[in-house]
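There are 2 protein chains.
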Amino acid sequence: MAITVVGSIAIDNIETPFNKVSNVLGGSVSFFSLAACFLTEVRIIGVVGSDFSQNYFEVFKKKSIDISQIKIKEGKTFHWEGKYDYNLSDPKTLNTELGVFSDFQPIIPENFKNDILFLANIDPDIQLNILKQMNSSRLIVLDTMNFWIESKKEKLLKVIENADIFIINSSEARLLTNQASVFSAAKSILNLGPKTLIIKRGECGAAMFTGNKFFIVPAYPLEDIKDPTGAGDSFAGGFLGYIDNTGDISFENFKKALVFGNIMASYTVEDFSVNKLLNISLNDLRNRFNKFKEITHFENIYNEIIK
Amino acid sequence: MAITVVGSIAIDNIETPFNKVSNVLGGSVSFFSLAACFLTEVRIIGVVGSDFSQNYFEVFKKKSIDISQIKIKEGKTFHWEGKYDYNLSDPKTLNTELGVFSDFQPIIPENFKNDILFLANIDPDIQLNILKQMNSSRLIVLDTMNFWIESKKEKLLKVIENADIFIINSSEARLLTNQASVFSAAKSILNLGPKTLIIKRGECGAAMFTGNKFFIVPAYPLEDIKDPTGAGDSFAGGFLGYIDNTGDISFENFKKALVFGNIMASYTVEDFSVNKLLNISLNDLRNRFNKFKEITHFENIYNEIIK
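If you read the protein sequences in the order shown, they are chains A and B.
Just so we're aligned, residue 3 is where the first sequence starts under my numbering, counting upward by one.
Just so we're aligned, residue 3 is where the second sequence starts under my numbering, counting upward by one.
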C-alpha cells in the first residue's frame, strides 16, 4: 500500500509575533509526506530548483519517503514568505516566487497508478491532468485554496466532482458555497459530487460529512502555537496515512483517521516548518490520540433525569 | 433541591441580518431559569419595573419557576437593544436603560440559603454582598462580563476566589489574564481560586478545567442560528440544572452536565429570545444529547498500527 502525493515543495520564510525563520522546508508535499510516513509508504511527485538543499532531500530519505519522482530543474525552488499576526490564522503573503513550479507538469509512473492519491493544493488544470493519468487510484483525495475557487471555479468543480474525499477549510467552504454556516455549506458541497467532505475549522477542530452521517471534533488543546504553516497538509497526511495503514474505509474508521490527522496537525503547529514532525514518534501520536479520547468523551446521560 | 439565580430580567430589542424583534423577554435570569427548569426547581431573585408584562410572569409561572422574590418597582424594566452582524457574535449594544435595575439590592430569603447559587452577570459589589448572605450554599457558580473585568477587577477577583465554578467566555478569559491561548488563560484563572473553570468558546464549543483534569467539546452543529442572545445563560442553566437533578458533583458527571448545557444553548440560538426554550421538551434535549455523543465519539485506535 502507498500514497502518491502531488503538490508543492517549497522554501519558506515565516514570521510570527514570536519568531522569524528563513529558508525552511515548506510546501504541501513536505508536510503531507512527513506526516503520512509515520504510517505508510509515501511517494512524492514534485519539482524543485537547482538551489534545493541536499539536506532537505536527506530529510525525506531518512523517513523512507520515495523521492525518485522529484524533478530537479535549473532555476529556483518555489518560495513563499508569510507573516502571521497575534491570532495566528490567515497569514499575510509577503512574497511568492513560483520559480520552477510555474511550469510543473507532473507525470505519474505506471506503478503509482493504483495508489491512494492526494492532490494537494495546485492549479485545478494540473489536478485534472493527473486524474486522467491516475485512472485506477484506490482513493482520490483533494485539497484546494481560495485562490482557485476565485480564479478557476469551473475547472475546480470538475475535480471536486471526481474526488472521493474533498478536504477544505471553513473559509474556503463558505467562499465556494456562499453560505455562512459551515454545516449548510457542507450540504451544498456534498451535492457537487465528492463522497466524503472534511472541513478543517482551525481552532474549532474539524468536521466530516458523508451522505447523512457526520462527525465533529474540537482541535487538540494547545497552550502554545508557534507556526500554523502546514497544519492542513499534516492533517491530510495523518488522516490518509491512517486509512492506508488500516486499509479500512468504513465511516467508523474514517472517524479515527480524522482524529489521527487532528493530532498530527497539533504537533506540526508546535514548532516552525516540519521540525516537530521530525522529532516525534508513532508512540507520541498514539498517546496524544488516547489523551484526546479521554478529554472529549463522556458517559451516557442518566436515564432517570426527570424533574 | 433547588437553584437560586440572581441577575437581570430584561426587555430586549434584537436585530440580526435576518430579522428584528422588539420588547421580547431577555436578561440572564430569564434564559437561565427557563433552561434549568427542565431539570430542577429554580428560584429567581430579581427586579422588574411596573411596565413588565403580566404575560412574561405567566411564562415563568407555567414552568413552575419561583418568582416570589421578583420585586416590582415603580419605573422601567431593564432594557437592552443589540444588533448582530453576519458573523452572529459580539453584538453591538445600541442602547441600555438600567431602569429599576440601577439600584438592585438583592436580599436572599433564609430558606434559599442552602441552594445552588448562580450569580449571573451583575456588578461584583452586588455579587459580594450576595455571597455574604449565602453562607451555606451547596455550590457557588459565577458568571461575569468584559465590562466588570475592565471596571471592577479587584472586586471581581474576590468573587472569583470564592466561586466553586466560574463560567466565562474565551474573550473574557483572554482579557482577564492577558493570555492569547484559552488553554494558558485557563491555568492562570484556576490559580485565582475557583475549583472549576468553564470557558465558553462560541462556535468552538466549550472547555472545562479543574485541577489537572480537563474536558473539551465542540458546539452542537447547527445550520441556522437566529439569535445568539442568551446562549451563555441557557448553557449555565442546562449545566447546573443537570448537576442539581443528578446530585452528582464528580468530574465525570460535570462532563455530562457540560454537554447538557451545550445542547441547551444550541436550542436557544435557533429562535429569538426565549422562544425555543418554550417549545422543546426534556425528550428533545435527551435526544440531542445522544445525537451529540454519536457525532463526537470514536473507537479506540487500532493497536496494530505500525508501519
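Calculated from the structure, these hints are not laboratory results.
One or more of the hints may lead you astray.
Because identical chains cannot be distinguished in the list, a pair is counted as satisfied if it fits within a single copy or across any two copies.
Dumping the calculated SDA-like pairs for lysine to any residue here, alpha-carbon to alpha-carbon at most 20 Å [what the hints assert, rightly or not]:
| no. | residue 1 | residue 2 |
| --- | --- | --- |
| 1 | K64 | L280 |
| 2 | K295 | F253 |
| 3 | K160 | N289 |
| 4 | K85 | S183 |
| 5 | K293 | L224 |
| 6 | K257 | Q135 |
| 7 | K154 | P111 |
| 8 | K22 | F114 |
| 9 | K257 | E301 |
| 10 | K65 | V23 |
| 11 | K134 | N21 |
| 12 | K85 | T98 |
| 13 | K257 | K293 |
| 14 | K73 | D105 |
| 15 | K75 | N180 |
| 16 | K257 | E296 |
| 17 | K257 | N15 |
Results for each hint:
no.	hint	in the structure
1	K64 / L280	within (10 Å within a copy, 62 Å between copies)
2	K295 / F253	both (17 Å within a copy, 16 Å between copies)
3	K160 / N289	neither (40 Å within a copy, 39 Å between copies)
4	K85 / S183	between (28 Å within a copy, 19 Å between copies)
5	K293 / L224	within (13 Å within a copy, 27 Å between copies)
6	K257 / Q135	neither (30 Å within a copy, 50 Å between copies)
7	K154 / P111	neither (27 Å within a copy, 68 Å between copies)
8	K22 / F114	neither (38 Å within a copy, 58 Å between copies)
9	K257 / E301	both (19 Å within a copy, 8 Å between copies)
10	K65 / V23	neither (23 Å within a copy, 61 Å between copies)
11	K134 / N21	neither (43 Å within a copy, 49 Å between copies)
12	K85 / T98	within (12 Å within a copy, 40 Å between copies)
13	K257 / K293	both (16 Å within a copy, 15 Å between copies)
14	K73 / D105	within (12 Å within a copy, 76 Å between copies)
15	K75 / N180	neither (40 Å within a copy, 49 Å between copies)
16	K257 / E296	both (15 Å within a copy, 11 Å between copies)
17	K257 / N15	neither (34 Å within a copy, 43 Å between copies)
When the structure is compared with the earlier hints, violations turn up for hints 3, 6, 7, 8, 10, 11, 15 and 17 and for no others.
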